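> Now for the letters of each chain:
Protein chains: 2
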Amino acid sequence: MPTYQAPTRDYGFLLHEVLDLTRYANLPGFAEATPDLVDQIIAQAAKFAEEVLQPLNAVGDTQGCTLKDGVVTVPDGFADAYRQLVDGGWPALVCDPRYGGQGLPNVVGVVFNEMVSSANMAFGMYPGLSHGAYSALIHHGSDDQKDTYLPRLVSGEWTGTMNLTEPHCGTDLGLLRTKAVPAGDGSYRISGQKIWISAGEHEMAENIIHLVLARIEGAPEGVGGISLFLVPKYLVGADGALGARNAVRCGGLEEKMGIHGNATCVMNYDEATAFLVGEENKGLKAMFTMMNEARLGVGLQGIALSEVAYQNARAFAKDRLQGRALTGPKNPDGPADPIIVHPDVRRMLMNVKAFNEGARALLLWTALWGDLADRAEDEETRRKADDLMGLMTPVLKAYCTDMGFAGAVEAQQVYGGSGYVKEWGAEQFVRDVRIAMIYEGTNGIQALDLVGRKLASHGGRAVFSFFAEIDAFIEANGDDDSLKEFVAPLGVARKHLEKATMWFMENALEKPDNAGAGAADYLHLFALTAIALMWAQMVRTAQARLANGAAGDPFYEAKVVTGRYFVTRILPRTAAHLAAVKAGADDVMALAADAF
Amino acid sequence: MPTYQAPTRDYGFLLHEVLDLTRYANLPGFAEATPDLVDQIIAQAAKFAEEVLQPLNAVGDTQGCTLKDGVVTVPDGFADAYRQLVDGGWPALVCDPRYGGQGLPNVVGVVFNEMVSSANMAFGMYPGLSHGAYSALIHHGSDDQKDTYLPRLVSGEWTGTMNLTEPHCGTDLGLLRTKAVPAGDGSYRISGQKIWISAGEHEMAENIIHLVLARIEGAPEGVGGISLFLVPKYLVGADGALGARNAVRCGGLEEKMGIHGNATCVMNYDEATAFLVGEENKGLKAMFTMMNEARLGVGLQGIALSEVAYQNARAFAKDRLQGRALTGPKNPDGPADPIIVHPDVRRMLMNVKAFNEGARALLLWTALWGDLADRAEDEETRRKADDLMGLMTPVLKAYCTDMGFAGAVEAQQVYGGSGYVKEWGAEQFVRDVRIAMIYEGTNGIQALDLVGRKLASHGGRAVFSFFAEIDAFIEANGDDDSLKEFVAPLGVARKHLEKATMWFMENALEKPDNAGAGAADYLHLFALTAIALMWAQMVRTAQARLANGAAGDPFYEAKVVTGRYFVTRILPRTAAHLAAVKAGADDVMALAADAF
Chain A
778 MPTYQAPTRD YGFLLHEVLD LTRYANLPGF AEATPDLVDQ IIAQAAKFAE
828 EVLQPLNAVG DTQGCTLKDG VVTVPDGFAD AYRQLVDGGW PALVCDPRYG
878 GQGLPNVVGV VFNEMVSSAN MAFGMYPGLS HGAYSALIHH GSDDQKDTYL
928 PRLVSGEWTG TMNLTEPHCG TDLGLLRTKA VPAGDGSYRI SGQKIWISAG
978 EHEMAENIIH LVLARIEGAP EGVGGISLFL VPKYLVGADG ALGARNAVRC
1028 GGLEEKMGIH GNATCVMNYD EATAFLVGEE NKGLKAMFTM MNEARLGVGL
1078 QGIALSEVAY QNARAFAKDR LQGRALTGPK NPDGPADPII VHPDVRRMLM
1128 NVKAFNEGAR ALLLWTALWG DLADRAEDEE TRRKADDLMG LMTPVLKAYC
1178 TDMGFAGAVE AQQVYGGSGY VKEWGAEQFV RDVRIAMIYE GTNGIQALDL
1228 VGRKLASHGG RAVFSFFAEI DAFIEANGDD DSLKEFVAPL GVARKHLEKA
1278 TMWFMENALE KPDNAGAGAA DYLHLFALTA IALMWAQMVR TAQARLANGA
1328 AGDPFYEAKV VTGRYFVTRI LPRTAAHLAA VKAGADDVMA LAADAF
Chain Y
778 MPTYQAPTRD YGFLLHEVLD LTRYANLPGF AEATPDLVDQ IIAQAAKFAE
828 EVLQPLNAVG DTQGCTLKDG VVTVPDGFAD AYRQLVDGGW PALVCDPRYG
878 GQGLPNVVGV VFNEMVSSAN MAFGMYPGLS HGAYSALIHH GSDDQKDTYL
928 PRLVSGEWTG TMNLTEPHCG TDLGLLRTKA VPAGDGSYRI SGQKIWISAG
978 EHEMAENIIH LVLARIEGAP EGVGGISLFL VPKYLVGADG ALGARNAVRC
1028 GGLEEKMGIH GNATCVMNYD EATAFLVGEE NKGLKAMFTM MNEARLGVGL
1078 QGIALSEVAY QNARAFAKDR LQGRALTGPK NPDGPADPII VHPDVRRMLM
1128 NVKAFNEGAR ALLLWTALWG DLADRAEDEE TRRKADDLMG LMTPVLKAYC
1178 TDMGFAGAVE AQQVYGGSGY VKEWGAEQFV RDVRIAMIYE GTNGIQALDL
1228 VGRKLASHGG RAVFSFFAEI DAFIEANGDD DSLKEFVAPL GVARKHLEKA
1278 TMWFMENALE KPDNAGAGAA DYLHLFALTA IALMWAQMVR TAQARLANGA
1328 AGDPFYEAKV VTGRYFVTRI LPRTAAHLAA VKAGADDVMA LAADAF
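Chains as they are written, first to last, in the working numbering: chain A, 778 to 1373; chain Y, 778 to 1373.
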């Protein structure tokens, strides 16, 4: 059976040593986030993830959820674990203190979420969706709505959902048909069917707050006629007490490839009482607030599953005796050597390790920009932070799930045949993480968001900020001999990224298919470059520690080796991505649909 | 529900136009394999695969196999389909006429096997394993054994298995413990446990012929003490009649990620009556005969599943309406355009299509060399053919399953959320094909076979033959303007492959870890180069047809476009693989095991 041990040392390294949160102690929330408190939170969260959530991961996969008479039963142990989550105050970690939150920076919440997802991705989606609902409401809800719903979303007593997809529309929300009719009392009655609603129905919380996209009767067609509504499972009285059961029911559960522990529901709305959130016909914008946050959370799932898959593959590789090292026996008294002596097994482990640690750094770096976008004192910093956060969101979502899936697959490969057998658990990680490439906007949609929107907006301001970050690093460290082997390849990757960016500017404005055809490769090129920056930063920090008091510490030494592995073995892929971008759309678009 | 339509036109194109089997009409079996007969076989096989096997594919996945009182029940419909397979004479297709076979070239059998695997991979493994047993026996069995067992393996009345793995040993067969004791009458009694035995037990055939690796009492330790045995489920009398039930029983079925329709058995041998095949202590060599053939068959599964996954994704992409083309509506009367208008969707389809067709060409090209190795008249050709076949076997096994899995995943991605839901079937292809990267020697083992054995043997004779094939093509076609865009990148890839080969020669002899660390990348570089040669050949043939009587034929036009896509978008990856090879083993081996 798989196990999980939270990578607490890596979290500390990133938060305290590389990102150094104490630099921002002047900002709200950061003041409280002292290294001591953060370490304490990490330790407690690790215990909860390792001891409570992880043992339920295989149970959730095997049992799945069941629906009977409209009631969804979650796997054994999930309800109790959820209670412990609430009792521990975890849902409140990064929420607004005005509504009972602890107000810590989101970068700390990201660390918590990674641990939860590693331990039990399907479970983590219940509080994950709640937090999305919280975000949509705190940004777009009325004061009354906030007062009514936020405290119990923050405490976790209630959970939340996002209702976007309908059978005939997923990506193209302009087609949606769910209808909202004014009831005359300021509320609406919503009717329609939503599908693939994660955490859509269960009994773990007293109430479920559904956020639902619908079209108000008479609203314009397309995305300009979509509004966001709040539909509670149980209506809430003025005193906060739960009232009548609302006309929203789970009509079915999807049978899926994985994340069986999460209830993926068909939700039927039959004149359900609903409350408008934000302005009429501005629902898509409000939903994007929720979705952008969710996208970072999905990228995180990619890293989280790759991490736990890696840990278990590593344990297998140290334990399984098979064959002898090419350089002679390493376990001469045993019948064979542990397979970790074989270069190809190590190659797989190093691939996954280099991704996990590099991507985690990028995730936390980006989450920190997100915090600065909200909390920095000067507008200039907030603007730049918001730019970088927006730019990196699709990059992280798509790259970390593409590669997180690849990491889980590569970890499974380390096991040989055992990786294919259910009892070892490696295959569950693969099945679970696969959804992350799809939901919250497929990775293709992320690439289009990056190329079609984020690159272009404000004349490329965000991407210039990103290049400036790289240039500043190169400028500051280019003369450091011990960093040359990292700075030089970073410079090459940066050049490839710049060429690809220029190529779009020159070739995609008049011919947008050139952007669409190269978007996915561009996104990977972008991510590789960003992660090269992260590795250079991490190695710089590690080398400084090794030179100052931590000589011989295997943690820092491993950082340097892993960073080197990344730049020599993985980063050279940027050239192929650039070639693919520059190949343009012609061959992609040449075939008639019938010729496929 | 997924469907399958055999790519019969592509088979005809490859067998008749690109490879032109009629060139070998002087050789045994080829004389009979006229284009007419081959087309007839393909058409009948297609009908069988599409109408009989494919509809059982989801059934097999859902029901799986069950074990009760030692009896394995296969999914509904499998037994009837197996009867139809036998009645159709399909197992005999490429077998030796002396034992009732039809004696056709194996390259025709490969086409049949691809169709079977596309339609129902789990089902296809039953006859697939039988053919492996046939091969081992025909090469290593005694005349008596051949006479007794081969006719009914050829007819399909009996099936066969391969028994290698034990709980503590898979790749490292030297560790195996299953014991054989001479019974005094020339037979042996075998005791031990084998695991992961595909098609190990079922009632679809009257008898099952297990080929089992075991160690004769007193034999040397390690691989030099392993012998191959034949253990029939029912003993066979001198008259061919079935006798007593042998002491071999299925002790359990594995729960797996996929291929649920195939019974993956724990096989317990309890003093089972066994007959030595070939010489004592030479079992591993005999088993390799079976395994090498099986490896090509596994590579084929990668292509087969990628093909069927592609076909269904293509249908989805033409049917699903979502969004508008970047260049303006293509389906103005509908609510949205079919998603095949979107460049990123096309990119995914083109990726898979370019792999499927290129890899299929390489598979058939290699299978043809295999036929020539057996049947060519002059020894020089037989030797060269055997070299190329041996060289390409690990390349095909590993590359076609790595990329076949990637193709199934990419096809699943085309569906968006529907790809994750069981009822659409896309996720089954992903789960099923995943095993192909693992069994019959993990892909890492294939890479070591390529680099450690195939490259080095006879002073690199095989790889020089391969380079000579490329050079001959470039020489013959380099001046053809219409082929320049294919020949030039082929030359670049060839150069990368040569550099990587030289790097191993210079750096891996004294430091074998350098070979191990670069082997997987080298194998991919090798495959890309070989497939570039295939594309160049296919495009040449297609262009010739377009210029001579088939102007405007969309099939040939699509070949040219898809070949162009391959060389501009996929082939540039060779540079990154070369860089990874040249990065060497140092960073891969640097970490202590505890630092992972």
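Read the hints as simulated data drawn from the structure, not as lab findings. A quick note: this is a predicted structure, and the numbers were derived from the prediction, not measured. Mixed in with the good hints, there may be bad ones.
Copies of one chain are not kept apart here, so a pair can be met inside one copy or by any two copies together.
What the hints assert, rightly or not - Straight-line Cα separation of at most 25 Å, BS3-like style, residue types lysine-lysine; simulated pairs: (1) Lys1272 / Lys1359; (2) Lys1288 / Lys1107; (3) Lys1261 / Lys1272; (4) Lys1261 / Lys1359.
> Run every hint past the structure and note whether it holds.
Hints versus structure:
1. When the C-alpha separation of Lys1272 and Lys1359 is checked against a cutoff of 25 Å, the pair qualifies both within a copy, at 14 Å, and between copies, at 22 Å.
2. Taking the shortest alpha-carbon separations for Lys1288 and Lys1107, only the inter-copy value of 16 Å comes in at or below 25 Å, while the best intra-copy value is 59 Å.
3. Taking identical chains as interchangeable, the C-alpha atoms of Lys1261 and Lys1272 lie at most 25 Å apart only when both belong to the same chain, with a minimum of 16 Å there against 29 Å between chains.
4. Taking the shortest alpha-carbon separations for Lys1261 and Lys1359, only the inter-copy value of 19 Å comes in at or below 25 Å, while the best intra-copy value is 29 Å.
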